[in-house]
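Produce the entire structure from the sequences given, and follow the hints as far as they go.
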Amino acid sequence: MGKSAVIYDFGINLQAETMLTAKEIAKQIGGQILVSESDVIITNAAKLEEGKSDSLGFLSNPKYEQALYETHCGAVIVPLNFKPQHPIAAVLIHHDNPYFAFCTILGKYFDPNKHRTGIESKHIHETAKLGNDVHIGSTAYLEESVSVGNNTIIYPGAYIGRNVKIGNNCIIYPNVVIYSDCIVGNHCIIQAGSVIGGDGFGFAPVNGKYVKIPQVGNVVLEDWVEVGSNCSIDRATMGSTVIKTGTKLDNLVQIAHNVEIGEHTVIAAQTGISGSTKVGGYSQFGGQVGVAGHLTIAPKTSVGGQAGITGNVTEENQKLTGTPATDVRTFLKSVANNRKLSAMMQELETLKREIESIKKL
Amino acid sequence: MGKSAVIYDFGINLQAETMLTAKEIAKQIGGQILVSESDVIITNAAKLEEGKSDSLGFLSNPKYEQALYETHCGAVIVPLNFKPQHPIAAVLIHHDNPYFAFCTILGKYFDPNKHRTGIESKHIHETAKLGNDVHIGSTAYLEESVSVGNNTIIYPGAYIGRNVKIGNNCIIYPNVVIYSDCIVGNHCIIQAGSVIGGDGFGFAPVNGKYVKIPQVGNVVLEDWVEVGSNCSIDRATMGSTVIKTGTKLDNLVQIAHNVEIGEHTVIAAQTGISGSTKVGGYSQFGGQVGVAGHLTIAPKTSVGGQAGITGNVTEENQKLTGTPATDVRTFLKSVANNRKLSAMMQELETLKREIESIKKL
Amino acid sequence: MGKSAVIYDFGINLQAETMLTAKEIAKQIGGQILVSESDVIITNAAKLEEGKSDSLGFLSNPKYEQALYETHCGAVIVPLNFKPQHPIAAVLIHHDNPYFAFCTILGKYFDPNKHRTGIESKHIHETAKLGNDVHIGSTAYLEESVSVGNNTIIYPGAYIGRNVKIGNNCIIYPNVVIYSDCIVGNHCIIQAGSVIGGDGFGFAPVNGKYVKIPQVGNVVLEDWVEVGSNCSIDRATMGSTVIKTGTKLDNLVQIAHNVEIGEHTVIAAQTGISGSTKVGGYSQFGGQVGVAGHLTIAPKTSVGGQAGITGNVTEENQKLTGTPATDVRTFLKSVANNRKLSAMMQELETLKREIESIKKL
Numbered sequence: 002m003g004k005s006a007v008i009y010d011f012g013i014n015l016q017a018e019t020m021l022t023a024k025e026i027a028k029q030i031g032g033q034i035l036v037s038e039s040d041v042i043i044t045n046a047a048k049l050e051e052g053k054s055d056s057l058g059f060l061s062n063p064k065y066e067q068a069l070y071e072t073h074c075g076a077v078i079v080p081l082n083f084k085p086q087h088p089i090a091a092v093l094i095h096h097d098n099p100y101f102a103f104c105t106i107l108g109k110y111f112d113p114n115k116h117r118t119g120i121e122s123k124h125i126h127e128t129a130k131l132g133n134d135v136h137i138g139s140t141a142y143l144e145e146s147v148s149v150g151n152n153t154i155i156y157p158g159a160y161i162g163r164n165v166k167i168g169n170n171c172i173i174y175p176n177v178v179i180y181s182d183c184i185v186g187n188h189c190i191i192q193a194g195s196v197i198g199g200d201g202f203g204f205a206p207v208n209g210k211y212v213k214i215p216q217v218g219n220v221v222l223e224d225w226v227e228v229g230s231n232c233s234i235d236r237a238t239m240g241s242t243v244i245k246t247g248t249k250l251d252n253l254v255q256i257a258h259n260v261e262i263g264e265h266t267v268i269a270a271q272t273g274i275s276g277s278t279k280v281g282g283y284s285q286f287g288g289q290v291g292v293a294g295h296l297t298i299a300p301k302t303s304v305g306g307q308a309g310i311t312g313n314v315t316e317e318n319q320k321l322t323g324t325p326a327t328d329v330r331t332f333l334k335s336v337a338n339n340r341k342l343s344a345m346m347q348e349l350e351t352l353k354r355e356i357e358s359i360k361k362l
Numbered sequence: 002m003g004k005s006a007v008i009y010d011f012g013i014n015l016q017a018e019t020m021l022t023a024k025e026i027a028k029q030i031g032g033q034i035l036v037s038e039s040d041v042i043i044t045n046a047a048k049l050e051e052g053k054s055d056s057l058g059f060l061s062n063p064k065y066e067q068a069l070y071e072t073h074c075g076a077v078i079v080p081l082n083f084k085p086q087h088p089i090a091a092v093l094i095h096h097d098n099p100y101f102a103f104c105t106i107l108g109k110y111f112d113p114n115k116h117r118t119g120i121e122s123k124h125i126h127e128t129a130k131l132g133n134d135v136h137i138g139s140t141a142y143l144e145e146s147v148s149v150g151n152n153t154i155i156y157p158g159a160y161i162g163r164n165v166k167i168g169n170n171c172i173i174y175p176n177v178v179i180y181s182d183c184i185v186g187n188h189c190i191i192q193a194g195s196v197i198g199g200d201g202f203g204f205a206p207v208n209g210k211y212v213k214i215p216q217v218g219n220v221v222l223e224d225w226v227e228v229g230s231n232c233s234i235d236r237a238t239m240g241s242t243v244i245k246t247g248t249k250l251d252n253l254v255q256i257a258h259n260v261e262i263g264e265h266t267v268i269a270a271q272t273g274i275s276g277s278t279k280v281g282g283y284s285q286f287g288g289q290v291g292v293a294g295h296l297t298i299a300p301k302t303s304v305g306g307q308a309g310i311t312g313n314v315t316e317e318n319q320k321l322t323g324t325p326a327t328d329v330r331t332f333l334k335s336v337a338n339n340r341k342l343s344a345m346m347q348e349l350e351t352l353k354r355e356i357e358s359i360k361k362l
Numbered sequence: 002m003g004k005s006a007v008i009y010d011f012g013i014n015l016q017a018e019t020m021l022t023a024k025e026i027a028k029q030i031g032g033q034i035l036v037s038e039s040d041v042i043i044t045n046a047a048k049l050e051e052g053k054s055d056s057l058g059f060l061s062n063p064k065y066e067q068a069l070y071e072t073h074c075g076a077v078i079v080p081l082n083f084k085p086q087h088p089i090a091a092v093l094i095h096h097d098n099p100y101f102a103f104c105t106i107l108g109k110y111f112d113p114n115k116h117r118t119g120i121e122s123k124h125i126h127e128t129a130k131l132g133n134d135v136h137i138g139s140t141a142y143l144e145e146s147v148s149v150g151n152n153t154i155i156y157p158g159a160y161i162g163r164n165v166k167i168g169n170n171c172i173i174y175p176n177v178v179i180y181s182d183c184i185v186g187n188h189c190i191i192q193a194g195s196v197i198g199g200d201g202f203g204f205a206p207v208n209g210k211y212v213k214i215p216q217v218g219n220v221v222l223e224d225w226v227e228v229g230s231n232c233s234i235d236r237a238t239m240g241s242t243v244i245k246t247g248t249k250l251d252n253l254v255q256i257a258h259n260v261e262i263g264e265h266t267v268i269a270a271q272t273g274i275s276g277s278t279k280v281g282g283y284s285q286f287g288g289q290v291g292v293a294g295h296l297t298i299a300p301k302t303s304v305g306g307q308a309g310i311t312g313n314v315t316e317e318n319q320k321l322t323g324t325p326a327t328d329v330r331t332f333l334k335s336v337a338n339n340r341k342l343s344a345m346m347q348e349l350e351t352l353k354r355e356i357e358s359i360k361k362l
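Protein chains in written order, with the working numbering: chain A, 2 to 362; chain B, 2 to 362; chain C, 2 to 362.
Think of the hints as simulated: they come from the structure by calculation, not from any bench.
Fair warning: there could be bad hints in the mix.
Treat identical chains as interchangeable: a pair holds within one or across any two.
Taking lysine-lysine pairs in the BS3-like style, the calculated list, with each CA pair at most 27 Å apart, reads [claimed, not checked]:
1) Lys64 - Lys213
2) Lys213 - Lys53
3) Lys24 - Lys213
4) Lys48 - Lys28
5) Lys28 - Lys109
6) Lys279 - Lys48
7) Lys28 - Lys210
8) Lys353 - Lys341
9) Lys210 - Lys301
10) Lys130 - Lys109
11) Lys109 - Lys210
12) Lys166 - Lys115
13) Lys48 - Lys213
Keep in mind it's a predicted model, so treat the numbers as computed, not measured.
Next comes the structure, spelled out in C-alpha cells:
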C-alpha cells in the first residue's frame, strides 16, 4: 500500500450549482488566458477524458498532454510555459501550479459539504463555552467545561468530554468521541467515528493478572491536523500524546499513548504507532505500517506500506521498507536475491559434483 | 488469516421460540425423508456434537460422518445420496445442499435479529423521503433530501447525510455514518460503526505543507453489498468510489478514494485497498492484505492473508500471497528455500575448504 | 510493534485538585518512610525528570537511578531495599512494588475520569432492568429486555441491543454498539466506538454469488475484560464468541465469529483473529498480528508484532514471529542469513571460477 497522500486521479464530476466563466476562473486563481475567446461557461470540474463543454479540467503532468488535444472540456488549466503542439478546442488558463489552482476552484465552488448552522443539540452542559457561528448537531453531547472556538462545526452523535478544548474553524464529523481533557487546535478536521483520548493500553502484571494503570494524561492535536475516519488516538498515561501542526492521518490509524508525531507528516491508512514512540516531522508513512514502542524516528523519514520498524531511525531522509525495516534498496536487493535461491541451490549442487569429480582425478 | 467467507463451524444453540416438525422442515427446504417416523419436534439448531433431541443438525462434509452416528440431534439434513453405514437415531432429511438448506431454516426461524418498526426519530429533515414500512431509530439523524426505500431499517445513532439515497430492504446498523451524496443500493447491510463517504486522503504538498484537496465525489454501493463493522470507505476525489453488486466486506476494512471493487468479491477483515485501484469481480482477499494504489487486479484473483500487492495483476484466477505478492507456489518455495539457508552456508564453507585443499595439491 | 501491555513511560502531569502529604501517601500504599521530614505536600504525579516540589514520582527500574539524584519531585516511591549512593532532596517512600504503588495513588487521586450519575436517557425500553447507581447518558439507547448491573456506567450514544446483559461495575464508553443477546460480565470496560456482536463474516457460495449465513450466536465477555476503542468482536454463527476473564484488547482489534480467547491474555492494536480459532490463556500478542481460522494456539504463547500464524501452536510458552510465524530465534537467524545472500552469491561465483581454473589445469 504505497502512500496515497497526493492523488492526481479524478473520476466523473458531480452536478454543480455554480456557473463561472473561464475569465472569472482565471481571475480567481491569478491565471492568464492568452486567447480572446474566454467567455465559455463552466458548471463543473472533470478529468480531461470525461469533461464536457461546460467542464473545467487541468493538465499538470506532461505525460498526459495527448488527452488535452482530445478533451471536450470547455476550459483547462495548464502550466505557465505550456505551448501546445496541436490545435486545442478548450480555453487554456495558464498557471504556475495547475493542479493546486484546479483544487482551489474545486473547493470554492464544487465542494458538496455544506454544513448546517445553529445550535441544535439539547445535550450541552450549562458550563460549556461556545464561540461565534458554532454549529452543534442535534444529538451531539458536550460535557462540563467544554470550550469550542469560532466557526467550529460539531456534527450529530459526536461526544465531547469534560474540559475538552476545541479551537476555531474545526470540523468534528458525526459520532467522533473526544474524551475528557483533550485539546484540539485550530483548523482541525476529525472524520466520522474516530476516538481521541481513549485509555492507553497500560496494565501492570500482578500475580499473573493484569491491573489497569490509570491513564491520566490527554491528547493534544495542534493546528491544521486532519484525522481520518475510525482512527484511535490514545490519551497519555501521564502528560500528552501529541500530533503536531499540519499532520494528516488517514483512516483506521492507531496512535498509542505518549506517542509524538512531528509536524507536516502524512500517515496512510491502518498504520499503527506503538507507545511512547516519537516520529520526526515531515515524514511519510504508507499504509499498514507498524512502528514498535519507545523508538525515535528521525524527521523526513519515508516508510513503505506494511513495513515494520523495530529500531530507532537516526538519520534523516531515509526511505525504509520491509519487516524488520531496512532501506528500500536493501529490501529490493533482498527480494531479488531470494528469487535466485533455487538457482543458487542448483549451482551449489553442480559445484559439489564437480569437486567430487576433480577429487576423483 | 485465511479467508473465512464460508464457515462450517458451529457452537451451541440459542434458545428458540419456534417449534417445527422434521416433516415441516423437509417441506420448507424441499428435502426428502425416507423413513416413516418423521414427526420429531425441533425447537433449535445445533452442531451434531452438541445437539439434543429437539435440535436440527446437518452433515455436509463426509469427513464428519462419524458424528452423525453419535449425535443426539432429533433431525439431521444429509446429502441426497447419503447411505448410512450404521444405525442412526435421528430422522434424516435428504437434500442436495444440506448446509444451505440448514442455513435457510436458521435464517427463517432462529435469527435473533428482530428489528423494530416505525419512525422513532425526531431528527429527520422535512425534505427527507421515506418509503413504506421504514424503521428509523430514535437517535438516527437524516439530513436534507435523503431518500430511503421500502422496508429499510435505520438503527439509532446512524447519521445519513444530505442527498444520500438508500434503496429497499437495507439494514443500517447503529452509529453508521453515511456522508452526503452517497448512494446505497437495494438489499445492502452496513454493520455498526462503519463510515461511508468520509473524505479521501488527498493533500497537495505546497511549500512543505499539505493543502487539503477537496473530495467532491461520492461512494456508490450497488445491490446486495454487505459492509462489516468499523469499516472506512472514502468518497472519491471526483466521481465515485464503487463497490459492485454482491460484494461483501468484513470488519475494519479500508477502501480508499476512487477505488472500484468488482461484483461478488469477498474481502476479509483489516484489508486495505489504496486509492484508484480497480479490483476485478469474483475475487477473494484474506485478512490484513494491503493493495497499493492505481493498480488493476484481474477478476477471480485470490489473495492470501497479510499479502502486499504492489503491481498489476493481469491474469485471472491467480492465487497470490506474500509481500511483494507472488503466486502461492513461489511464495511457499521461497519460504522453504529460506529455511535451508543455514545449510547452504555450511555447504559453501565446506566447498571453499575443499577447493583450498585441492589448490594446495 | 512490540507489545505495549506495560508502560513505564510518563509525560508531564495534569493539574490535580487533591492535596496529600507524603505521610498520607505512605499510609495509603503501606509504604515506609525512613526519614523524619515527611510532611511535604503532594498535589500531582510526574516523571522524575519533570516533577516539581509538589509532585510524587517513582523509581522502579534501577537503570534510571541517576534521575532520582537530580529530581525536583517532593516525594518518590522507591524499592524496599533501595540505598541511595548520593544525597537526595525528595522524601523517599519505600515499597516492594513502587510502580504499582504509584499507580494506585494515580488512580485514586489523579484520575480525570469523573463519570456522571443518574439516568439521563429517554431511549430506554420499558422492559429494561437497571441495577443500583447506574448511569445512562442522554443519547444512549437500551432495547427490550436489556439488563444492567449495579454501578455500571453507559455513556451517551451507546446502543445496547435486545436481551443484552451487562454486569456490575462496567464502563461502556460513548458510541459503543452491543448487538442483541450478547453478555458482558462484571468489571468490564469497553472503550468508545467498539462493536460487540456484529454479524460474523459467513456467506455460502451459491451459483457464483454469496448467500448470507444467519449469524444467530452471540458474544460473551467474561469478567474484568477490557476492549479498546473501535474494535470489532463478531457474534458466533451459532453458540458464542468468548473473551475470557481478565483479557485485555487494545484498539482496532478484530475478533471473528466463534473465536475463543483464553483468560488473562493481552492483544495489542490492529491484531486480527480469524473465525473459530481458540487462543490459550496467559498469551501475549503484539500489534498487527494475523491468526488464521480454525486454529488452536497453546496457552502462554507470545507473538511478535505483524506476525502471521498459519498453523496450530501445540506447545506452551513459545515465542513466535514472522509470516508464516516461526520461533523468534529461527526468524532472527533467517533475517541475518538473508542479509548475507549477496555475499554468498559472490562466493559462489568465486568458487565457480576457481573450479573452472582448476579444471583447466
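Results of checking the hints against the structure:
1. In this assembly of identical chains, Lys64 and Lys213 lie within 27 Å of each other by CA distance solely across copies; the values are 24 Å between and 57 Å within a copy.
2. Taking the shortest alpha-carbon separations for Lys213 and Lys53, only the inter-copy value of 26 Å comes in at or below 27 Å, while the best intra-copy value is 61 Å.
3. For a Cα distance limit of 27 Å, the shortest separation of Lys24 from Lys213 across copies, 25 Å, qualifies, whereas the shortest one inside one copy, 64 Å, does not.
4. Taking CA atoms no more than 27 Å apart as the test, Lys48 paired with Lys28 passes inside one copy only; the shortest distance there is 22 Å, against 57 Å between copies.
5. For the homomeric pair Lys28 and Lys109, the shortest alpha-carbon distance inside one copy (13 Å) is at most 27 Å, but the shortest distance between copies (63 Å) is not.
6. In the homo-oligomer, the alpha carbons of Lys279 and Lys48 lie at most 27 Å apart only across protomers (17 Å), although the nearest pairing inside one protomer, at 40 Å, exceeds that limit.
7. Proximity of Lys28 to Lys210 under the C-alpha cut-off of 27 Å is restricted to the inter-copy arrangement: shortest distance 25 Å between copies versus 68 Å within a copy.
8. For a Cα distance limit of 27 Å, the shortest separation of Lys353 from Lys341 qualifies both inside one copy, at 18 Å, and across copies, at 16 Å.
9. Taking CA atoms no more than 27 Å apart as the test, Lys210 paired with Lys301 passes between copies only; the shortest distance there is 13 Å, against 41 Å inside one copy.
10. Taking the shortest Cα distances, Lys130 and Lys109 never come within 27 Å of each other, neither inside one copy (30 Å) nor across copies (29 Å).
11. For the identical chains of this complex, Lys109 and Lys210 are inter-copy neighbours only, at 20 Å across copies versus 56 Å inside a copy, given an alpha-carbon limit of 27 Å.
12. Taking the closest pair of Cα atoms, Lys166 and Lys115 come within 27 Å of each other both inside a single copy (24 Å) and across two copies (17 Å).
13. Only between protomers do Lys48 and Lys213 lie at most 27 Å apart by alpha-carbon distance; the minimum there is 19 Å, versus 53 Å within a single protomer.
Taken one by one, the earlier hints fail for this structure only at number 10.
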